[in-house]
Each structure stands twice: as structure tokens, then as C-alpha cells.
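There are 2 protein chains.
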Amino acid sequence: MRHISMEHDACPIARSLDVVGDWWTLLIIREAFMGVRRFSDFQRHLGMARNILSTRLKHLTEAGLLEQQPASDGSAYREYSLTQKGRDLLPVLVALRQWGERYSFAPGELYSRLVDRETGHDLQPLIPRTADGRSAGDVDLDVLQAA
Amino acid sequence: MRHISMEHDACPIARSLDVVGDWWTLLIIREAFMGVRRFSDFQRHLGMARNILSTRLKHLTEAGLLEQQPASDGSAYREYSLTQKGRDLLPVLVALRQWGERYSFAPGELYSRLVDRETGHDLQPLIPRTADGRSAGDVDLDVLQAA
Numbered sequence: 824m825r826h827i828s829m830e831h832d833a834c835p836i837a838r839s840l841d842v843v844g845d846w847w848t849l850l851i852i853r854e855a856f857m858g859v860r861r862f863s864d865f866q867r868h869l870g871m872a873r874n875i876l877s878t879r880l881k882h883l884t885e886a887g888l889l890e891q892q893p894a895s896d897g898s899a900y901r902e903y904s905l906t907q908k909g910r911d912l913l914p915v916l917v918a919l920r921q922w923g924e925r926y927s928f929a930p931g932e933l934y935s936r937l938v939d940r941e942t943g944h945d946l947q948p949l950i951p952r953t954a955d956g957r958s959a960g961d962v963d964l965d966v967l968q969a970a
Numbered sequence: 824m825r826h827i828s829m830e831h832d833a834c835p836i837a838r839s840l841d842v843v844g845d846w847w848t849l850l851i852i853r854e855a856f857m858g859v860r861r862f863s864d865f866q867r868h869l870g871m872a873r874n875i876l877s878t879r880l881k882h883l884t885e886a887g888l889l890e891q892q893p894a895s896d897g898s899a900y901r902e903y904s905l906t907q908k909g910r911d912l913l914p915v916l917v918a919l920r921q922w923g924e925r926y927s928f929a930p931g932e933l934y935s936r937l938v939d940r941e942t943g944h945d946l947q948p949l950i951p952r953t954a955d956g957r958s959a960g961d962v963d964l965d966v967l968q969a970a
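From first to last, the protein sequence lines stand for chains Z and P.
What the first sequence shows, in our numbering, is residues 824 to 970, in sequence order.
What the second sequence shows, in our numbering, is residues 824 to 970, in sequence order.
One chain only, chain Z, in its complex shape:
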């Protein structure tokens, strides 16, 4: 597939996808949220080819979503951790997760759950709302193009 960069598109969705719009990228971010920090652990959890993982980690670091640090145990390994920019993808991951919970599992099929550690409860459904609190799915929306 030809890849047209959307780096200069005025739509924030297009620009976001330019950074995170592939499968592996969001799964790497998911793993980082779950506390994975080392190349070998990303590799083992995701079953990715090393060269692809290496390229994606480099891309995510250059884009400012991950940062490299010396290993927390003093070993020679380097570790990757989420920056604020990376952590701010939590709503994207939660939205994808909740859509998947609703549509991608058969009735009764078990899925992994994301819960509040303190209470064990699921998160609230993520519902886009207008400034005055109505569900955005129930109102007319407009996209105002940048000049």
C-alpha cells in the first residue's frame, strides 16, 4: 500500500493516525501501559519480528511517545517508558477496548478486562459529550475546516 503522509493534513484525526495509525504501534503502547519496558519483553508479549519491533520503538521514541532510560535494575539494558504524550493515548486505547468488548466477542466468550485495581470494577463507558453534556452520538455535529 502506498503511504501518503498526512503530516500536513488539517484534520487532527489524520495527523494522529500518521503517528499511531498502525496496529503494532498501538499494541506497543498498550504493552507500555501494562508496565512492559524492555525490548525482549515487548518482543515476547507481542510475538513481533525483532526488526519490526525495533523500527516501531525507534519511531515511537522519535515521535516523543516513548523515552529511553537506563534499566531500573542497573543492568546494561535500556528501558522504554511512556512520556506524557504517550500516556495521553489512554482514551484511544480505552475507546478501542470498549468497542472491541461490545462487538468482537461471542456471547459468553471471555475477554481480558481493564479494571480499577482498587475496586476491581470496569471503567465507565467512554461517551463523547457536547459542552452542555448531551451524548455526541445523539446530536448533529459539524466539522469546521481550518481556513
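Possibly wrong hints are sitting among the right ones.
Pairs involving identical chains hold if they fit within one copy or between any two copies, as the list cannot separate such chains.
[Claimed, not checked] Dumping the calculated SDA-like pairs for lysine to any residue here, alpha-carbon to alpha-carbon at most 25 Å:
#, residue 1, residue 2
1, K881, S958
2, K908, Y934
3, K908, R957
4, K881, D841
Treat the hints as calculated values from the structure; they're not laboratory data.
Fit chain P to the known structure of chain Z by using the hints.
Positioned in the frame of chain Z, the structure of chain P alone reads:
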């Protein structure tokens, strides 16, 4: 890149990405939210190669996110519209958009805005919350693996 299907992964994020985890897919859904219904209009708005667009529309229809209908003007064209499953991707698009607004534009650079048509106001920031209303970004979360 090798494509390993995540169709059987127990993580709802992985399964969602298996359906919508490519760039063009979410942009087609974005266009559909903006009222685009015809092949030629998707093609023109997205600047996609016709064969890629055709493959993606077929995939989205088979996956139940779009449905085909006779053209609303009685012509021979067929139109694509979002199903409920497709419309339920709104939180994903809003989350991507808000992240892009925050991180993908230079200060002062103009971006397209998604607004409530009635008031002209932006939507509220989408914040994942625990069942008792705390911001999920501020608490410890666990992923409970399916058995």
C-alpha cells in the same frame, strides 16, 4: 510487514485493531460520519487509489461497519452508510482527534474542529473514568486476563 490476525486474541484492543487497525479504515469511517456515501466521493475526499478503497469498503461492509443501500436519489449508484457498529466508533475517532489537537499542531496552526452544530462548541475532553468517577489516568489499573 507480516500480518498476524488477532482475531483470537482475548484482548479487546487487539481484536478492535484487527478490524479497524489501519489508517485508511478509520479515515473511511471518518468520512462516513461526515456524510460521505458514494464511492466517488470517498475517492475524491481521501485521494485513495480506487483498488485500495474498493478493498477497504468491502472489508468494512463484510465486518458490519458499513452497509450498502440503493442511492437516495434513485440513480443506479449504491451508497454506503454506517451501521450502529460503525457509529459506535465515534469515541475512537473523538479520542484520536483530541490527541491530535493536543500534539500534532504547532501553536497557532489551524486545525479542523468537530463541533456541536447547535451551539458551535467543541466536545468535552474524553476522559476515561473509574466507576466512582476518578480519572483513570490517575489511578492504578489492572488487566485481568481471560481464563
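Item to complete: Determine which of the earlier numbered hints do not hold for this structure and return their numbers in increasing order.
Response: 1
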